[in-house]
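Same order as they appear, the protein sequences are chains Z and E.
Everything in the first sequence is counted per our numbering, starting at 23 for the first residue and increasing by one.
Everything in the second sequence is counted per our numbering, starting at 637 for the first residue and increasing by one.
Everything labelled a hint here was simulated from the structure, so no lab data went into it.
Don't be surprised by glycine CBs; every beta carbon is placed ideally from N, CA and C.
Errors might be hidden in some of the hints.
What the hints assert, rightly or not - Examples of chain E residues toward chain Z, derived with CB under 8 Å: (1) Gly719; (2) Met749; (3) Ala784.
Unchecked claim - Label-pair ranges, simulated between beta-carbon atoms: (4) Z:Glu169 / E:Gly727: 13 to 23 Å; (5) Z:Trp33 / E:Pro732: 43 to 53 Å; (6) Z:Gly72 / E:Leu730: 45 to 55 Å; (7) E:Gly727 / Z:Val31: 52 to 62 Å; (8) Z:Ala145 / E:Leu730: 37 to 47 Å; (9) Z:Asp79 / E:Gly699: 43 to 53 Å; (10) E:Gly758 / Z:Ala36: 54 to 64 Å; (11) E:Pro703 / Z:Gly82: 11 to 21 Å; (12) E:Gly699 / Z:Gly82: 46 to 56 Å; (13) E:Met706 / Z:Gly82: 41 to 51 Å; (14) E:Val698 / Z:Phe35: 53 to 63 Å.
What the hints assert, rightly or not - For lysine-lysine, the following BS3-like pairs were computed, each having C-alpha atoms within a straight-line distance of at most 25 Å: (15) Z:Lys170 / E:Lys714; (16) Z:Lys170 / Z:Lys158; (17) Z:Lys158 / E:Lys714.
Each chain is listed here by its residues.
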Amino acid sequence: MRLSAFQKVLWGFATIAVIGFVWLQISVRNDQRTDDPAFHADFELTDHQGVVQTDEDFAGRWMLVFFGFANCPDVCPTTLAEVATVMDGLGPDAAHVQPFFITIDPERDTPEQLAEFVPAFDANIIGLTGTPDQIKRTSETFRIYYEKIEEAASPDGYTMGHSSQLFLFDPQGGYVGAWAYGTPAEQILSDLKGRMSI
Amino acid sequence: MKPLTPTALAFSLLFGLPTVCLAGSADVVVEGAWARASIGTSRPGAAYMTLRNMGNDPVTLVGLATPLAMMPDIHESKTDANGVSSMTPAGEILIPPGESVALEPGGLHAMLMRLQYKMVEGETFPLTLNFADGGTVNIDVPILGIAARGPEG
Numbered sequence: 023m024r025l026s027a028f029q030k031v032l033w034g035f036a037t038i039a040v041i042g043f044v045w046l047q048i049s050v051r052n053d054q055r056t057d058d059p060a061f062h063a064d065f066e067l068t069d070h071q072g073v074v075q076t077d078e079d080f081a082g083r084w085m086l087v088f089f090g091f092a093n094c095p096d097v098c099p100t101t102l103a104e105v106a107t108v109m110d111g112l113g114p115d116a117a118h119v120q121p122f123f124i125t126i127d128p129e130r131d132t133p134e135q136l137a138e139f140v141p142a143f144d145a146n147i148i149g150l151t152g153t154p155d156q157i158k159r160t161s162e163t164f165r166i167y168y169e170k171i172e173e174a175a176s177p178d179g180y181t182m183g184h185s186s187q188l189f190l191f192d193p194q195g196g197y198v199g200a201w202a203y204g205t206p207a208e209q210i211l212s213d214l215k216g217r218m219s220i
Numbered sequence: 637m638k639p640l641t642p643t644a645l646a647f648s649l650l651f652g653l654p655t656v657c658l659a660g661s662a663d664v665v666v667e668g669a670w671a672r673a674s675i676g677t678s679r680p681g682a683a684y685m686t687l688r689n690m691g692n693d694p695v696t697l698v699g700l701a702t703p704l705a706m707m708p709d710i711h712e713s714k715t716d717a718n719g720v721s722s723m724t725p726a727g728e729i730l731i732p733p734g735e736s737v738a739l740e741p742g743g744l745h746a747m748l749m750r751l752q753y754k755m756v757e758g759e760t761f762p763l764t765l766n767f768a769d770g771g772t773v774n775i776d777v778p779i780l781g782i783a784a785r786g787p788e789g
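Chain Z on its own, in the form it takes in the complex (with noise of 0.2 Å):
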């Protein structure tokens, strides 16, 4: 078979743009597992028992984290459906993987408050809460989002902004990635399991 110019260039194009892919993969890969994370899990904060805990505490876990509020009835019990389900979907594996859903409405959300919500979900979830100060110092070292917004049509007269991603950290605490929010369980679970390698 003979090749026209034309089709020369065309495969020519074909193939860089093959070893482009393949390479853009390999250094996709590479950043991900050499990487020298954006930042670590960091927190002080008291559990839904009451007991303070600290990210020390669960070293050599993967952690799945969250920020929401006890008050929200949409976005957060669906994330929280989600991980859930995502921890049953681990079966035995789940003992590596440490879930959390911090508070951001800390005035409401007591370890008393947190203790009737996160567990309803999954017995693993740990919620967490401090003082507005914690709360605010927290949302720093996790880099998120959040405000409080007067709202006549809400209970107590507000509502709350807030960062709605599942972020992942290796056992080492270094962030991984997050999931934006509605990413279905189903996804997070084969992520979540090829990060881990299981």
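Start from chain Z and add chain E according to the hints.
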């Protein structure tokens, strides 16, 4: 009373849900309604469903009523490009003829504030949808588990 279109009638028979009375809203069919169980009564609940306008006229959902909650209202969660979610009252919901509006997690939802009793898995609660034409649609919303992810559980 305006007669049901055959399709709306078929849906009504199939799902046994809407009781209809006036024109416009008479052609609204509600599908796949569900809610999550609540832990107590101190925090708001949410209910989800799809509203389908089977008629030839636009309809506008203006409000909700239920003995379950003193303050039921349609709210909308939105997530911006930075992944920040927040929630605001959605106001009136227009459903053009032949179209449907989904109340689903992360978007529009019936926000059930000031619960009068606990939402128990396996039970249902009555919900009235009020439309701008004065018509109402009454449904029973099944209460699923607290970690339910959709109408199938």
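Cross-check of the supplied hints:
no. : hint                            : in the structure
1   : Gly719                          : 5 Å, holds
2   : Met749                          : 5 Å, holds
3   : Ala784                          : 7 Å, holds
4   : Z:Glu169 / E:Gly727: 13 to 23 Å : 22 Å, holds
5   : Z:Trp33 / E:Pro732: 43 to 53 Å  : 51 Å, holds
6   : Z:Gly72 / E:Leu730: 45 to 55 Å  : 49 Å, holds
7   : E:Gly727 / Z:Val31: 52 to 62 Å  : 57 Å, holds
8   : Z:Ala145 / E:Leu730: 37 to 47 Å : 43 Å, holds
9   : Z:Asp79 / E:Gly699: 43 to 53 Å  : 48 Å, holds
10  : E:Gly758 / Z:Ala36: 54 to 64 Å  : 59 Å, holds
11  : E:Pro703 / Z:Gly82: 11 to 21 Å  : 50 Å, violated
12  : E:Gly699 / Z:Gly82: 46 to 56 Å  : 52 Å, holds
13  : E:Met706 / Z:Gly82: 41 to 51 Å  : 48 Å, holds
14  : E:Val698 / Z:Phe35: 53 to 63 Å  : 58 Å, holds
15  : Z:Lys170 / E:Lys714             : 15 Å, holds
16  : Z:Lys170 / Z:Lys158             : 12 Å, holds
17  : Z:Lys158 / E:Lys714             : 23 Å, holds
The structure shown violates just one earlier hint, number 11.
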